[in-house]
Structure formats: C-alpha cells, structure tokens
Amino acid sequence: MTSHSPAASGRRTTTEADPTTAPPVLRASGLVKHYGNTRALDGLNLVLRPGRVVALLGPNGAGKTTFVRAVATLLRPDAGALEVAGVDALRRPAQVRQIIGLAGQFAAVEPAMTGRENLVMVGRLFGLKGSRAKAAAASVLQRMGLTEDADRLVRGYSGGLRRRLDLGASLVGTPRLLLLDEPTTGLDPGSRIRLWDAIRQLVADGTDVLLTTQYLDEADQLAADIVIIDHGRVVAAGTPAELKALGGDDVIEVHVRDPLALGEVAAVLATVGGEPRTDPATRRAWTAVSDGTRRLMEAMRALDRTGVPIDDIALRHPTLDEVFLTLTGHRADDASVRKEQQS
Amino acid sequence: MTALTNSAAPAPTVDPPRVGARFWPSSAQVAQRTVRKFVRTPQLIVLATVQSAVFLVVFRYIFGGAINAGRGLGYVDFLVPGFVTTLILFNGMSAAAGVAEDVENGLFDRLRSLPIPRAAVLAGRGLADTALVVWGLFVGSALGFAVGFRMHASIGHGLAAFGLCVLYGFAFEWVFIAIGLLSGTAQAAQGMSVMMTLFVFVSSAYVPVASMPGWLRPVAEHQPVTPMVDAVRALAGGPRVQALLPHPTTYYVWVSLVWTAGIIAVFASLAAARFSRRR
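Heads up: the sequence lines are chains S and E, in that order. The numbering of the first sequence is my numbering, which starts it at 83 and goes up by one. The numbering of the second sequence is my numbering, which starts it at 1185 and goes up by one.
Among the hints, erroneous ones may be present.
[Unchecked claim] So the derived label-pair ranges between C-beta atoms look like this:
(1) 282/S <-> 1446/E: 41 to 47 Å
(2) 1385/E <-> 174/S: 46 to 52 Å
(3) 221/S <-> 1238/E: 45 to 51 Å
(4) 234/S <-> 1258/E: 49 to 55 Å
(5) 1462/E <-> 271/S: 35 to 41 Å
[Unchecked claim] Far from chain E, some chain S residues (derived; all Cβ distances over 12 Å):
(6) 124
(7) 157
(8) 196
(9) 276
What the hints contain is simulated information worked out from the structure, not anything from laboratory work. Beta carbons are placed, not taken as given, at the ideal position from N, Cα and C, and that holds for glycine.
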C-alpha cells in the first residue's frame, strides 16, 4: 500500500466514483514471489478497473513478466492475493484460464501450420466445435488483417506477421482480460506500429488489456493508465499526464553549440530550478522547474550575461523517461545502470 | 422506459462460463499439431529413413561378418529384431528436442494458459510421438526384410513382437518428454537424449551379451533394452532363436513389460509434475 503514489490514489478516487458495480478486472495485493534470493515480486499491489488499457512499465527484471505469469496462472505467488474479474486466481486457476488471453514475449505459434490452422487449433482447445472454431478463426484473421496470409505456413511469415498471429491466437477465446507481455519487443518500427494499431482496435472493441513494456513511448501510445514497477513493487501509477506531472511541472532545456560549455550552462540552470542534467552527446542541459515561464525568462537573461553560444532554449513538459528517472533513480531501458546501483 | 430499465439492471458480474475442451479432444488437437509438424518437414522423414538404412546396412554387411550370433543362426536374423526394437530410441529421441523447443518458444505456456486439462497437452504429445515411432517401426521392418531377414514364426507372433515394440516406444517417449521438459534448451535435450543410445549399445541388440567382457555383462542384462530386444527376437525368430536364449519367451515378455510399466510410471509422473509446476 505504501508504494502507491499520490497520483495513483487520486485516480482511484475518481474511478471509484464510477457507478459500475462490476468487480475490478484485476486485483493484486501483497504479491510476493521469490526465485532463490531474488524477490521478483515484492509485495505488489495493483487494482485494474474495467474499460482501460493499463501498461506495466519497468526495466528488465522489474517483475513485469513474473506478474503476468502469475495472472496467467503459469506460476503461483509465494504470498499475497490475486483476483481476476472477481475469481481467485490462486484457488481457482482453471476458471481464470477461461477468461484470459495471453500473448507472451515469443510468438507462440506453430511454424509448420498455417495461420488459420493455428487459430482453429486454439478455438478447438477453447471447446468450440469444428465449424464454430473455423468461424472464430476467420473472424480473428480478419480483425488482425491476416486474411491474405491465412493459408500460408507460418514458417514463411515475417516476425511482425507472427506476432500479429500470436496476438490473434490470444483473442480466439474472446478473453475478458488480455495479457500482452512485451508484445513488440524485437520488432522493426513498421511492424511495431501495425501491432499498436491492432491493439488499439481491440481496445476500441472493448477488450481490457494489461500490457507490459520497457518502452515509454509504447506505454504513452497505448495505455490510459501506466503503472511503473521496479524491484517487484509499484513505484507510481496514473495517467500519462499525471505521471508526467510527477517529474516536475516543466523542463527548461538548453541546446548549446559547444559541449564544453555545458558545465557553465548547467551552473546557470541550477540557479533557476532543480539539479540540472547534461548530455554531451546531444549537447543538451536541462532541469525541472516550477513556474516555468518566469524561470525561463530568468534563465535566458542569465545565459545572455554569460555569453555562451546557444542553439536553442525551450520550455517543455517532462517526458515519461524523465519521470521514470525521477521515480526510480535509473533509466527505463538501462539495465547496466540498474545493476551498478544495486551493488 | 424499457431502455432505461435495461440500462439500470445490474450488468452480469461474471461472463458465461466457457468450458474449454475436455481431455481427449484437447489431446487430439495437440497430437495433430505434432504429427502435422512431422509430416510437413520432409527433410526429417527422409533423413531418419536414410540414417536407419545406413545403420542397418553397416551392421548387416560390414560388422555382421565378424559377429557370431550363436549356433547356426545367421546374423541377419539376429540383427533385424534388435535393430527394429532399438529404433524406438533412435527415432523417439527427437521428441526430447521437440518438447524443449515447445518450452523455449512459449507454445507450452500458451497451452498452459488455456482452459484445458494440462495433462492433455502431454498426453497428446506422447501419443503423437508414439505414432511417429510406429511409422519408424514400419520403415525399419521393411528395411529389415529388404536386407534378407525372414520371420521364422507365425504371423500372430510377428504382430505380437511389433505390438511390443509400439508399447516400448510409448514408454520411452515419456523418458524423452521428461528430458525435453527438464533440460531447458533443445540443444541440451538433444545431448541428453543421445546419451540414451548407450542403452542400445550395451544391450543384446547388435551383439550377444555373452560376447561382452564379464564386468559389462550384468549391466547389459539388467537394463530394459535387453529383455525388450530378447522378447521381440524370440517372438519373431521362432524355435531356433528361442533355443539360443537361456529363458523361455514368456520370461522376456514379462520382464520387458515390467520395465515398460515402471518407465511409464516414473517418467510420465515426472513429466506431469514438471509440466504442471507453477513457478
């Protein structure tokens, strides 16, 4: 409970005002999972309301996949409670499997079968009889834009097509909750955008989605709510806008001509805002400020006095990346930094 | 008014239950997938057949001349029953790598997340892999007749011998499935299953156990492949072969069946425990 940020509880209050009586799509409290000495989940608390796409955002090893596997009943937590649509996932895993769909980090489809055969197989496993399984497969193929490739062997599919088929396979059972574990990891940008479109379409059709990602832009693009997790705990939760607000109101960013001048610029920025950061590779220095416009004017006057040549100066909202850094002390996609900080 | 009442009615809190397929339909789907994969990978079929043929020819025509099968028994009549029986290991071991691949690429996770009995996934895999072994047994038997093997027993005995091979094959599939589940990677699975060929060579399959050094004989006599081979050899070879064996045919059949039951009990439970493990 302590791990929830004010933004998270703020949002929860607003959604609790929602008149719907449906139970949460997902409710996890105090989930713990050990692997040897590693605590993959360390008292994770999470409540997902229906009708919203939630992105679980965190670096490698944050516990995202472990959590998804727990929800998918593939692993049993050591402690805590877990409910999916009101069903106790620890006591009645078989019932949970009837209401979830899972697409993992790999395209879990059979390469020696056609796209259609793969989907019909999943349909049959959901207990659909021959013709109904075929109809379900055809409908999913159409929704995923795979009709043209339906009767080719998956062996000949591109990586992007395979992932879309895999996503389709998780839909054949018309799941109440769809679990997508890093759905676009390893895809080229074009395939990634097409998969995003497919996911958006699902959401528009009313499927609740929980997706994990280590890409901030993906969370920003797809999710109505973002839950940041690190070391198996929820660090913060809220809408992208709420989370961005956590990183400071605004950011002043200065683009210098000569990277050697970054130190001098940073010293100026320190007088108007918080601790400045610099990136010599992109010749940028920036800092979070409150009361942005006034601070920007001050910064400009101060910089003018120093005479440092400047290419650009701007006032902007913080990126999710910066929020992540503020909240966790490390970057979302930088596992090596994380390890150093742990040791 | 009607619309208003409808919208005010509480929404159903739980979706209508989707039952999911029952045990046998689920197994059938999983089995069908394994068989399709085999049938649609002709390279594998051709390779397995060529390998069997080369192996048989090498023993029949190259090593065979130096091996004394026993009083008056031609080596081909000694060799072929052993060769066919041990195909269950040579052809069956591909299941280990196949299962490990299914674990690695997430297919088993998908199947485990579906509302089907988890044991059905393994049952389907085991049945399909046994079917592939049966195909290998047909090919191997045909090759055996082609290099000069002749039955010296009734058709009934021949069929019984074949049936025993199928049963042994089913048992060993559980060993390979367990290896596949436990090994983690397809490469490790392949390495571990190749070790199983030791059971083939330290057995009565290709040479009489009596020709082995004294310290090795007890090992060869007290491992499952030897009684299996001897049972098949006695059934298919008729009185001439039976006269060379120290025990009656029924002895070998029973000993091999006890081994078969033991292997299935141990390795099927091992595989099931590993597969349904939730960690």
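Hints, verified against the model:
no.: 1; hint: 282/S <-> 1446/E: 41 to 47 Å; in the structure: 56 Å, violated
no.: 2; hint: 1385/E <-> 174/S: 46 to 52 Å; in the structure: 50 Å, holds
no.: 3; hint: 221/S <-> 1238/E: 45 to 51 Å; in the structure: 50 Å, holds
no.: 4; hint: 234/S <-> 1258/E: 49 to 55 Å; in the structure: 52 Å, holds
no.: 5; hint: 1462/E <-> 271/S: 35 to 41 Å; in the structure: 36 Å, holds
no.: 6; hint: 124; in the structure: 17 Å, holds
no.: 7; hint: 157; in the structure: 5 Å, violated
no.: 8; hint: 196; in the structure: 10 Å, violated
no.: 9; hint: 276; in the structure: 21 Å, holds
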